[in-house]
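Student: Given the coordinates of chain A, assemble chains B and C onto it according to the supplied hints.
Chains as they are written, first to last, in the working numbering: chain A, 1 to 359; chain B, 1001 to 1069; chain C, 2001 to 2246.
Everything labelled a hint here was simulated from the structure, so no lab data went into it.
Everything numeric in this text was worked out from a predicted model, so none of it was measured.
Be a bit skeptical, because a hint or two may be false.
Have a look at the derived ranges for each label pair, beta carbon to beta carbon [said to hold, decoys possible]:
id: 1; chain 1: A; residue 1: 131; chain 2: B; residue 2: 1033; range: 40 to 46 Å
id: 2; chain 1: C; residue 1: 2001; chain 2: B; residue 2: 1024; range: 37 to 43 Å
id: 3; chain 1: C; residue 1: 2017; chain 2: A; residue 2: 199; range: 24 to 30 Å
id: 4; chain 1: C; residue 1: 2139; chain 2: A; residue 2: 27; range: 40 to 46 Å
id: 5; chain 1: C; residue 1: 2231; chain 2: A; residue 2: 43; range: 23 to 29 Å
id: 6; chain 1: A; residue 1: 44; chain 2: C; residue 2: 2230; range: 21 to 27 Å
id: 7; chain 1: C; residue 1: 2240; chain 2: B; residue 2: 1032; range: 27 to 33 Å
id: 8; chain 1: C; residue 1: 2162; chain 2: A; residue 2: 314; range: 56 to 62 Å
id: 9; chain 1: C; residue 1: 2143; chain 2: A; residue 2: 221; range: 56 to 62 Å
Quick list of in silico lysine to any residue cross-link-like pairs, SDA-like style, CA-CA up to 20 Å [what the hints assert, rightly or not]:
id: 10; chain 1: B; residue 1: 1036; chain 2: C; residue 2: 2058
id: 11; chain 1: B; residue 1: 1002; chain 2: B; residue 2: 1069
id: 12; chain 1: C; residue 1: 2189; chain 2: B; residue 2: 1036
id: 13; chain 1: C; residue 1: 2193; chain 2: C; residue 2: 2145
Virtual Cβ for every residue (Gly too), placed ideally from N, Cα, C.
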Amino acid sequence: MRRLMSGNAALGEAAVLSGCTHYFGYPITPQNELTEYMARRMPSVGGVFIQSESEIAAINMVLGAAVAGARSMTSSSGPGMSLKQEGISYLAADELPAVIVNMVRGGPGMGNISAAQSDYFQATRGGGHGDYRTVVLAPGSVQELTEVVPLAFDLADKYRNPVIILGDGMLGQMMEPVDFDGLVRPPDYDKSWALTGARDRPAQAIYSLIFDTKLQEEHNWKLQRKFRLIEQNEVRYETYLADDAEMIVVAYGIGARVARGAIKRLRQEDLKVGMIRPITLWPFPTKALQEMAKTVSDFFVFEMSAGQMVEDVRLALEGKGHLHFYGRPGGVIPMPVELYRIISRHYYQAHAGGKRKKP
Amino acid sequence: MKGTIQIDRERCKGCALCIDFCAKDCISLSEELNVKGYFIVVFDGDKECTACRNCALMCPEVAIEVSTS
Amino acid sequence: MKTVYARPRLLKEAHFHYCPGCGHGIINRLLMEVIEEMDLQGDAICVAPAGCGMLLYNYFEIDVVEAAHGRGAAVATGIKRVRPQNLVFSYQGDGDLAAIGTAEGFHAANRGENITVIFVNNGVYGMTGGQMAPTTLLDQVTTTTPTGRDPDLAGHPVRICEVFSVLDGASYLERVAVNKPAAVVKARKAIAKAFQRQIDGAGFSLVEILSPCPVNWKMGPLEACQWIDEVMVKQFPLGVFKEVPC
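Just chain A, with the same shape it has in the complex (with noise of 0.2 Å):
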């Protein structure tokens, strides 16, 4: 059954149907209807929904009740997210699982309310101290929070590791026909590693200081090889129309709409345009990339930031091929016809007299 909803309030219908049974968060725009979302939902489903008195508060509550084995998330944007990266790290180095929903807005400092993408390297390069990774989840619709939230909530029992959902202020507050029928609850995992009371079996402790740099290091390494497994088992990407593409735009979650708007009017005029759409911003598409730079001469990196992603795609292409970057920092959200003069100004730069030479 389709509903009319916006992104924070399915974002959170979608936790609890992943059974998310604790929610801690602090109100801080764009994502303030997902903490009041929770706040009406949890009590329904037997759950606990605290507001927190900071984010920082709300991120270490979250990390207590995963200790304890629950499902449990917390939402916040910019100022809020930099608050929550020790309790993020120390969550990445405990081995426990959490989700994060990070409504991006503008920035940095205070910023603006309004949607942005300039948080890509906070969530993708660990953001807190030390050698870790969280998986980076893109959604770019409303319906596809409903695929996204599940998985987030799996892949954090699966892998025991903190999992971001990157969102931004139009996702969360637009409104879109959503139905969760098709909403698969993810399984219980084995918890007992979990701090339950040592009874019937030894006292367990979870912690992260490790005097011994040996031990510290052993442990990094461990940690570096679920990075791995993660890294060969749980890309996700979405193509759009990019089989015959002389160009592919990289674009992702709300830029990644603009941008297929922007690819409709190219292909108007026979741009043979493409887009590539990473779901997971880490582990990045590196190998889907390396494939298209086989037979694709021109990547057009598209986000709405001063440029983040496009260095993964820079490392991706590793030299391959001509890069092409158009960044909107500050909340900008540019029309899809803005963005569509853009690549074609780019695109014909590039096919001038037939200059470019196939790879």
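Tutor: Same frame as chain A, but now just chains B and C:
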């Protein structure tokens, strides 16, 4: 009631709180060193220990066991 | 021969890393004695701090999780909200609770979270080498107040029990000490009371424990214990600051 105490010499750090709080002067600092290099305390069985447990209450290392004979 | 005092079974074999004469050793022992006496080993979950108390999982034969500095009350909140049937307590020093973690402690108390905070007040930051703590006394010399704590630069010593006592959510707040046998006995009683109240669902409890830190106070162990009686209790009087009937 005659009391006696056992001191775990390797736990002892020679802080002497047991000595300070013993009302019967039963414990003293010795010139013996344990493995960690602390001067350890020793119990004098000839003194009038009453098993009051003050020493064990105050010992931060939980190194003292008290018994009555 | 009858044993009238032995090491609690719930203390692991590891030797404490604490300095000679440090109050942490006494408090660690009291916690395990009480948990053993009340048969709570299967229920207890401890949240360890950053600070000298951070190695509790090496000593306590109960489930322990390490929290980031100051976050113990928030982590304990998360655990207790998932498992209200467990005995959940945080162990926090004066930096952990009264500086970086004040908001988390204050709000856990304000929400009436049914947890217990064991608050070790030794007037300095021990593990990091003796810097000023929020509980450092005026004129007290520390490594960051080398000429004595000056209120113009560093404010005044913070009295957590008093401050939390005006929060409606706080249920039981008592300040005790471990500087002499009679005080140690009272401290154990306060801990047992706090745990029993948690089991009975009475809400937020906090036991503040004045504890000697001989090395950073630059005193011998006995002198440090005496200083608590002669000087510290004047700023931090012992007693019950709140006790909601339950």
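Student: Are the Cα atoms of residue 2189 of chain C and residue 1036 of chain B separated by 20 Å or less?
Tutor: violated (34 Å)
Student: Range hint 21 to 27 Å: satisfied by the CB atoms of residue 44 of chain A and residue 2230 of chain C?
Tutor: violated (58 Å)
Student: Taking 40 to 46 Å as the stated bounds, is the beta-carbon spacing between residue 2139 of chain C and residue 27 of chain A within them?
Tutor: Given about 43 Å between the Cβ atoms, the range holds.
Student: Holds or violated: the 56 to 62 Å window for the beta-carbon distance between residue 2162 of chain C and residue 314 of chain A?
Tutor: holds (59 Å)
Student: Within a Cα-Cα threshold of 20 Å, do residue 1036 of chain B and residue 2058 of chain C meet the stated pairing?
Tutor: Distance of about 19 Å is within 20 Å: holds.
Student: For the range 27 to 33 Å, tell me whether the beta carbons of residue 2240 of chain C and residue 1032 of chain B fit it or not.
Tutor: violated (44 Å)
Student: With a cut-off of 20 Å on the C-alpha distance, tell me whether residue 2193 of chain C and residue 2145 of chain C pass.
Tutor: violated (37 Å)
Student: Given the hint of 24 to 30 Å, check if residue 2017 of chain C and residue 199 of chain A actually sit that far apart at their C-beta atoms.
Tutor: Holds: the Cβ-Cβ distance is about 28 Å, inside 24 to 30 Å.
Student: Is it true that the C-beta distance of residue 131 of chain A to residue 1033 of chain B lies inside 40 to 46 Å, as the hint says?
Tutor: holds (43 Å)
Student: So the hint says 37 to 43 Å: do the beta-carbon atoms of residue 2001 of chain C and residue 1024 of chain B match that?
Tutor: violated (19 Å)
Student: For the range 23 to 29 Å, tell me whether the beta carbons of residue 2231 of chain C and residue 43 of chain A fit it or not.
Tutor: 50 Å Cβ-Cβ, so the 23 to 29 Å window is violated.
Student: Taking 56 to 62 Å as the hint, is the beta-carbon distance of residue 2143 of chain C and residue 221 of chain A inside that range?
Tutor: violated (37 Å)
In terms of the numbered hints stated before, the structure departs from hints 2, 5, 6, 7, 9, 12 and 13, listed from lowest to highest.
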